[in-house]
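Here the structure of chain A is known, so what remains is to put chains B and C in place on it, guided by the hints.
Residue numbers (the working numbering), protein chains in the order written: chain A, 40 to 326; chain B, 15 to 97; chain C, 93 to 362.
Just so you know, the hints here were simulated from the structure itself, not pulled from any lab data. Since this is a predicted model, take the numbers as computed values, not measurements. In this text, a Cβ means the ideal position worked out from N, Cα and C, and glycines have one as well.
Just a sample of chain C residues kept apart from chain A, beta carbon distances all over 10 Å, derived:
id: 1; residue: Gly-112
id: 2; residue: Glu-114
id: 3; residue: Arg-167
id: 4; residue: Pro-201
id: 5; residue: Glu-272
id: 6; residue: Glu-273
Calculated pairs, DMTMM-like style, for lysine to aspartate or glutamate (alpha carbon to alpha carbon, straight line, at most 20 Å):
id: 7; chain 1: B; residue 1: Lys-42; chain 2: C; residue 2: Asp-329
id: 8; chain 1: B; residue 1: Lys-87; chain 2: C; residue 2: Glu-272
id: 9; chain 1: A; residue 1: Lys-169; chain 2: A; residue 2: Glu-120
Chain by chain, the residues:
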Amino acid sequence: MLPRAGIGLRAVHHEAVAETRPDIGWFEIHAENYLGGGSPVQTLDAVRRDYPVALHGVGLSLGSAQGLDDGHLDRVAALAERIEPFLVSEHLSWSVVDGRYLNDLLPLPYTRETLDIVAANVGRLQDRLKRRILVENPSTYLRFRASEMTEWEFLRALVRRSGCGLLCDVNNIHVSACNHGFDASAYLAALPAEAVGELHLAGHAVNEADGIAILIDDHGSPVGDAVWRLFDRAVALFPSAPALVEWDSNIPPLERLVAEAWEADRRRAQTARALRSEPVPTRARVA
Amino acid sequence: MKTNAVMIASALAAALALAGTASAQEAKTEKCYGIVKAGKNDCQTATSSCAGTAKRDGQKDAWLAVPAGTCAKIVGASLTPGK
Amino acid sequence: MSQGTLARIQDEFARALLFGDEAAAARLVDDGLPAAARLQIHRNHLFHSLTQALMQTFATVERLVGERFFAGLARAYIAEQPPRSPCLFEYGEGFADLIARHPACAALPYLADVARFDFAVNLAWNAPDRPAIGLDGLARLDAESLAGARLALTPSLSLLHSDYPLAAIWRANHRPRGEEEGVDLDAGGGRFMIWRLEGEAAWRELAPADFAFLQSLADGHCLGEAAEAAGASGPFDLAAALSLLAGQGILIGFRNAVARMSSVINGDVS
Chain A
40 MLPRAGIGLR
50 AVHHEAVAET
60 RPDIGWFEIH
70 AENYLGGGSP
80 VQTLDAVRRD
90 YPVALHGVGL
100 SLGSAQGLDD
110 GHLDRVAALA
120 ERIEPFLVSE
130 HLSWSVVDGR
140 YLNDLLPLPY
150 TRETLDIVAA
160 NVGRLQDRLK
170 RRILVENPST
180 YLRFRASEMT
190 EWEFLRALVR
200 RSGCGLLCDV
210 NNIHVSACNH
220 GFDASAYLAA
230 LPAEAVGELH
240 LAGHAVNEAD
250 GIAILIDDHG
260 SPVGDAVWRL
270 FDRAVALFPS
280 APALVEWDSN
290 IPPLERLVAE
300 AWEADRRRAQ
310 TARALRSEPV
320 PTRARVA
Chain B
15 MKTNAVMIAS
25 ALAAALALAG
35 TASAQEAKTE
45 KCYGIVKAGK
55 NDCQTATSSC
65 AGTAKRDGQK
75 DAWLAVPAGT
85 CAKIVGASLT
95 PGK
Chain C
93 MSQGTLARIQ
103 DEFARALLFG
113 DEAAAARLVD
123 DGLPAAARLQ
133 IHRNHLFHSL
143 TQALMQTFAT
153 VERLVGERFF
163 AGLARAYIAE
173 QPPRSPCLFE
183 YGEGFADLIA
193 RHPACAALPY
203 LADVARFDFA
213 VNLAWNAPDR
223 PAIGLDGLAR
233 LDAESLAGAR
243 LALTPSLSLL
253 HSDYPLAAIW
263 RANHRPRGEE
273 EGVDLDAGGG
283 RFMIWRLEGE
293 AAWRELAPAD
303 FAFLQSLADG
313 HCLGEAAEAA
323 GASGPFDLAA
333 ALSLLAGQGI
343 LIGFRNAVAR
353 MSSVINGDVS
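With the rest of the complex left out, here is chain A (with noise of 0.2 Å):
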């Protein structure tokens, strides 16, 4: 059985999941939008009743050279509990210096310092959730002169020091390709395939204000060509990720983004496909 594909819930389409219980893989949330009361964590509740579901913490900011917050390690860990998520992911940035929280993921110098801080980081959150996490590529916007290695050897070196899996970006790994010119099939090829627990599918913008254009990764358009393609690759790399289609801005009816998931779903069966027949391609095979 190939994997079915995800979209993330968002509070807009609350009502609408409730009542057509959209026919999709699983669901995914941002923990820190179900860490109080209230009408929140009733839907959620609910949407767990009939769905596997993912926590992507947004917050916990791993690059943080600070160490994590227990406070707020506390609380997801809480959350972890009472769902059982089937996967649990975070993203390769930080976000807080001195308690003050900058809203954003944002990047990191690749040294080996930082590999330690991650590691670090990583395996804490680990032991705290009792379980293995996925970390998230980033988009990216800029460089540091500091860094001693690329992004994809950065991820896995910390595969090997914390036993962590990888959330593989493929809309991120496009985005960051275009920023600071990569090849990103390079960049998806590079990755420990064994570590790569789920994908993640989403639009994202160019701006051109300074006659450069530089893509942001703004989740607010469908999935572009570039990333499907992109995509492809991953899924014949990675089979047993499952995928996820994000929406954050600009978020369209539900009905698209089930689409878009099932998108993912035909794609994905059609490299399986070319993937069989590739070894005796005169007994071409439908499955």
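Below, chains B and C without anything else, positioned relative to chain A:
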């Protein structure tokens, strides 16, 4: 303590006797429908497409002059300076 | 202990984003787009995304002053008091105080209280769930213990006393855009309790004595002291006030001072 323990205990007994009877108080409660319910953290995982590279600090003080919303509809003597 | 390189970089980066400090740019590879423009993407995102979050929380304030004026207030607030939690439904606690002392808001004396009301509604929506207890939980205490009991109230509750007609202002500004109604400020102020009732944010106006009673309990005083404070504020019916507490899901247990009692009730100590 002026309010003595016996008075409180008897008030509680009276309140318990009231419990279950339809309360006129319900009518005074107003619910806040139609407010945004959740989802503020979705903007963390995606970069705002409004972000861009252009500096936005230029307008620093331009906004200070005039609030331009419905506050024009709020009237009353207590708005007069030096009241 | 000396600060590591990453810690220094993150400190510089935070100052670049919040205050436009330039030290961080020297750390970045400068190709194609200048480093300062690359940093600006994150700086713009920080202010834009937090302004959007504040606009949701302080929806009435935004209607009153308009988007542009609101964005200016938000910018001042974000730079001065960035979030202390990654959960944005918790952001904005100090916004009303900033409005109260901001010169640009001097002609809108009611605006800070409207912001307090908006924040209370936001808290009512998002506060953690705590099971309410009924009055029978109190009835198990003997008379002396009852008078000395310190009651724990739902974390979704806010108490707000204003010189301005906040309920009328809220109602007038939550009609469809363009159909907002006028409000006469001289209609007088009110005392409000705002909390979550059956999953929805709710409010009601309270008589001075009921308000004083709840305020005293919320401040941690015992039932006897709260009843006394209420009696000093106006005509007070303790039985009615107690049934209000229990009937609206306000009462959740006992504070630490009588923790041994709370284990009898439901084990929930706040």
